[in-house]
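Residue numbers (full-length UniProt numbering), protein chains in the order written: chain U, 1 to 436; chain B, 1 to 436; chain D, 1 to 436.
Don't take every hint at face value.
Pairs count within a copy or across copies, as identical chains cannot be separated in the list.
[Said to hold, decoys possible] The calculated DSS-like cross-link candidates involving lysine-lysine, where the alpha carbons are at most 30 Å apart (straight line), are:
no. : residue 1 : residue 2
1   : K271      : K393
2   : K362      : K274
3   : K9        : K393
4   : K274      : K393
5   : K115      : K393
6   : K361      : K271
7   : K320      : K361
8   : K361      : K274
9   : K393      : K11
10  : K362      : K393
11  : K272      : K362
12  : K274      : K320
13  : K362      : K11
14  : K9        : K362
15  : K115      : K271
16  : K320      : K115
17  : K115      : K272
These are computed hints drawn from the structure, not numbers from a lab.
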Amino acid sequence: MPAYSTNMKLKFPVVALLLEIITIILYAVFVVYDVGDGHPSDHHGTENKSHQESPVSLYPMFQDVHVMIFIGFGFLMTFLKRYGFSSVGLNLLLAAFGLQWGLLLQNIWHLHDGKIRVSISSMINADFSTATVLISFGAVLGKTSPVQLLIMTLLEITIFCINEHIVVEFLQASDVGASMTIHAFGAYFGLAVARMLYRPGLRNGHENDGSVYHSDMFAMIGTVYLWMFWPSFNSAIAEPGDAQLTAIINTYFSLAACALAAYATSSLVEKKGKLDMVHIQNATLAGGVAVGTCADMNIEPFGAMLIGVIAGIISTLGFKFLTPIFASHLGIQDTCGVHNLHGMPGILGGLAGIVAAALGKKANITAGYQAAALASSLGFALIGGAITGLILKLPFLGQPPDQNCFDDSLYWEVPEEEEANESLTHTDHSKNKAEA
Amino acid sequence: MPAYSTNMKLKFPVVALLLEIITIILYAVFVVYDVGDGHPSDHHGTENKSHQESPVSLYPMFQDVHVMIFIGFGFLMTFLKRYGFSSVGLNLLLAAFGLQWGLLLQNIWHLHDGKIRVSISSMINADFSTATVLISFGAVLGKTSPVQLLIMTLLEITIFCINEHIVVEFLQASDVGASMTIHAFGAYFGLAVARMLYRPGLRNGHENDGSVYHSDMFAMIGTVYLWMFWPSFNSAIAEPGDAQLTAIINTYFSLAACALAAYATSSLVEKKGKLDMVHIQNATLAGGVAVGTCADMNIEPFGAMLIGVIAGIISTLGFKFLTPIFASHLGIQDTCGVHNLHGMPGILGGLAGIVAAALGKKANITAGYQAAALASSLGFALIGGAITGLILKLPFLGQPPDQNCFDDSLYWEVPEEEEANESLTHTDHSKNKAEA
Amino acid sequence: MPAYSTNMKLKFPVVALLLEIITIILYAVFVVYDVGDGHPSDHHGTENKSHQESPVSLYPMFQDVHVMIFIGFGFLMTFLKRYGFSSVGLNLLLAAFGLQWGLLLQNIWHLHDGKIRVSISSMINADFSTATVLISFGAVLGKTSPVQLLIMTLLEITIFCINEHIVVEFLQASDVGASMTIHAFGAYFGLAVARMLYRPGLRNGHENDGSVYHSDMFAMIGTVYLWMFWPSFNSAIAEPGDAQLTAIINTYFSLAACALAAYATSSLVEKKGKLDMVHIQNATLAGGVAVGTCADMNIEPFGAMLIGVIAGIISTLGFKFLTPIFASHLGIQDTCGVHNLHGMPGILGGLAGIVAAALGKKANITAGYQAAALASSLGFALIGGAITGLILKLPFLGQPPDQNCFDDSLYWEVPEEEEANESLTHTDHSKNKAEA
């Protein structure tokens, strides 16, 4: 075990402020409002929008996505018993930096008179770009320092934007709900980072790597918000009108069918037919991931439901059987099981998109380019994640030692133990302890 | 006490997957998107909508209702100290199945060329149909197995759709916020089921049939979301324009006035004038229920406030005085007190609608048909609930024995006790226990 | 220490019901729906809105603001270990009364044929008016009775409406996100009340004046919702179109930059570079407050980010260094640190507005009138708060004695201790206690 310096004093503030200052300077040079002077934004998803529409008509959809990013992802990760501050707190930090960086990188290819024009649509895409980081965060949750995570955010969003540009502009592939470019990308990027940061010392688990009753309840807040607002995620940048309605409906039904499948599979694989909270918190959402690529395609509601059922089953089976094998045989310690929620369902989504393209379910796309988009997303994720993981191994980045993993108190002021005790039980245990 | 088989292995997965497979087959036959080919949906609430409007203009309202169903109802029931997984988890399961089933049954009367055309409006109505089940779930909370609840969902939504069809199409009654067809129906259906499932063994209460401090806090998440978004519930299917605005305003003021009345009454009936969380979590919402039927009528804001005040008072009094009598004298063990939140306020709403009709507060409705609608809703609820309750008594449905009621651990993997202890108090009690 | 009568029996119900009855009578006389009969509302923010637009087009924004008021403010204050019921529960009570009272007082200057016409826009403004009270509530949290708080609501909203009328109508100052009229006003009003209610007995702190692990988690629900929906708060009453879009974008970026600055500063001032939950819960939001006044002005995204960074830094420094000095030297015990979240950032926002006006960033406003608006808001707040504080000292208002501060059990039925103990630890400590 190498010696670690986990003291964040100076290191973290300097990195955070430096990133923010650089960002502000770039914004001063490049970023303006997309307000009406005859140059409407041509960002994808908005080009065919009637100019008569209000510039804020997409705002309710943006807020749904915003809630998914900050409440959904944030609380979903609070299932760990001693890592809630970090889960929801660092989620906020990374997404707040990520959206600023993502907006820059996503639009640097679309300058108008040398400027990036910010609209609600570009805010949605900026929020989207942070989702990749939050997915990867799930893979390394509890085993990384805030400085490592900020650097991962910077690198991952940069690589994401390159891949997204290739998929959307060069391959002209369809991925409205981003099964490939966000979910599969974010998952495999995170898994590659986790592989690089493999900790033999955690081979036999860690006492804090698990939930307690009320931390599982907090996590359900995240789950339910993600589940409810996923139709907005998959339809926010769809073509307004029928395509957007189709994306909403497909996602609504895929998730509903996925929930039944996840519950059924969880009961089937657990002893005595009990339900497992890990499955319910995650696998119920796999239908939203898997229907992403073909959400705006004419696959009919029952097609969306079939995708949802398959996603719910493979995701639950992944948690039960694959995750332990990944940890024990592949050296991949995937804290949140992002491979099961985002990885496999993301690939399933990409494959469904290839099939749908072959069946002519959407105009102007081909199975070949869809397959190329999936391959590109996976390639950038694995290579980008591996390189990022190597960089994160640099010793001065404050990585926690094994015994302090999954524990807020390394990077946060945590309320006194005695108070926690007292407030919850209203009894004075100090006497007992003194006697013991 | 009969012998129960509460092992869900096979039983639950088979029922859940079977229901999902049947549903998908029916969707393959019947369900298509309501996209633009000259046949706009004529589902009620949308027929007069300008076809120029976006097909997703109701989507923000839908999402508010969606949040009420999944967060609102789900977390409201987490007040029980050991039943949070089931409350929010089974709420998700039942609503996910219910919305699929409800959309089929509600629209089977409105086929277009043999097809059901899904729009945002029909998604709102599908969500609505699940509310009946979630209300009834509250009456039997903690005393039923997942298999029983899935079967209740199937039966209750079917019966709900028959009654709704009668009320809306035959009686042409007005019930925009569904005081009668959802709230009164769901409550009395659930009470009838609870009567059939009466447990003499719980006559003297159960140690887990109560809250702890933090479970009451989780429940307040549900309460506040229901309270905030109720104006969307009562206005979502109102006529666009002034009627919808009226429904929003009436519900906003009814709830605000109801909150004051509920707080005042709670303090009045509790010893030392203290507030009771049960009242605050529930009775503050009664104004939303009671103003439902006449939400879109011209009752003026002060009329809505009067309805809210009355609802807040009778609901609080019901919790204090009626619920104990129901349990001790009528054999009705109403876990969440749905009679006080949905039953009496639902009837109050129906009566207010009758009076409003008689006073001419809305065109094209009559007091007589409004009264018939209320009677129909109560009749279908009581008879349907009684029959459903009898079916749910079938011994192989996995009903929990008395001593395991209100306890997640019968149907869920629950985190280890020792970890919960440790994580919350950070002290090692095992030593004490060993010595004790 | 004077003798207190904290028994709320009769006292609280009578005050609450009396206020509600008076309100209903005033509504019966004055309040009608703003429905289409050729007299569109001319409430500020709506006058230039096309009459072709739907009367509910602002409804999604209203609901975002509604969530901020009831979930955001309510849960933000649940950080105290034994005061969660009061925080979220009294927040609901005060806001429910406040919105009814605020709608009356805000519109009494805008009668149409002797009537107040309620629209979504006036509902947004009514919700806004309650924010002042909820901010002040934060300053006196844990040290006041429900009766005191209802009276504070009545007085503060009345004074707020007078100041708002002066700022908007006489000075014609611009304050779209209400940095001055809501945030600075609410903070300094609350601080003045807190000064009047100074408790020497709490000079050395109180054992319940702090958080526990899970109460900090509940508080993060409030933080994240406020953070996410602040763009709606600052843009809800902006001119539809480009000004509204600008307000959204400025607030989005100000908050994102503020978050980085708050995290960095928190780490910088805490020992070992750890993060402090108090800073994260509050200072991350200061950017939303500070950008309020000039949210709809052409300050460019990087300008908004600079405001956010400054706000995040001064807010964190305020929590660390100023709040203790206020308590020890000025006799101001500011429970939630509203001076740091709303006070200083509110003044910063007012100053930024003065500078922006001087630089011509918005038509029709001048630096002088902006400065006068800030002075007016601070003056009304300090004098109004001081008078209100004096009134709240009246002995029959049920103020809690020092030892019962920050404790729900004085005004609420709180679940039995032993149950809390049992449910959380699943062990029987009673045996230990008996032996001890």
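Evaluated hints:
1. K271 x K393: Answer is between; shortest inter-copy Cα gap is 25 Å, intra-copy 40 Å.
2. K362 x K274: neither (41 Å within a copy, 52 Å between copies)
3. K9 x K393: Close inside one copy (19 Å), not across copies (45 Å); limit 30 Å.
4. K274 x K393: between (40 Å within a copy, 21 Å between copies)
5. K115 x K393: Neither: 37 Å inside a chain and 58 Å across chains, both beyond 30 Å.
6. K361 x K271: Answer is neither; intra-copy 42 Å and inter-copy 59 Å both fail.
7. K320 x K361: neither (34 Å within a copy, 59 Å between copies)
8. K361 x K274: For K361 and K274, the Cα distance exceeds 30 Å both inside one copy (40 Å) and across copies (53 Å).
9. K393 x K11: Classified as within; 16 Å inside a copy, 49 Å across copies.
10. K362 x K393: neither (44 Å within a copy, 50 Å between copies)
11. K272 x K362: Neither: 45 Å inside a copy, 56 Å across copies.
12. K274 x K320: within (13 Å within a copy, 36 Å between copies)
13. K362 x K11: neither (50 Å within a copy, 40 Å between copies)
14. K9 x K362: Intra 53 Å, inter 42 Å, cutoff 30 Å: neither.
15. K115 x K271: Result: close neither inside a copy nor across copies, 59 Å intra and 42 Å inter.
16. K320 x K115: Answer is neither: 49 Å inside a copy and 40 Å across each miss the 30 Å cutoff.
17. K115 x K272: Neither way: K115 and K272 sit 61 Å apart in one copy and 41 Å across, limit 30 Å.
Checked against the numbered hints given earlier, the structure breaks hints 2, 5, 6, 7, 8, 10, 11, 13, 14, 15, 16, 17 and satisfies all the rest.
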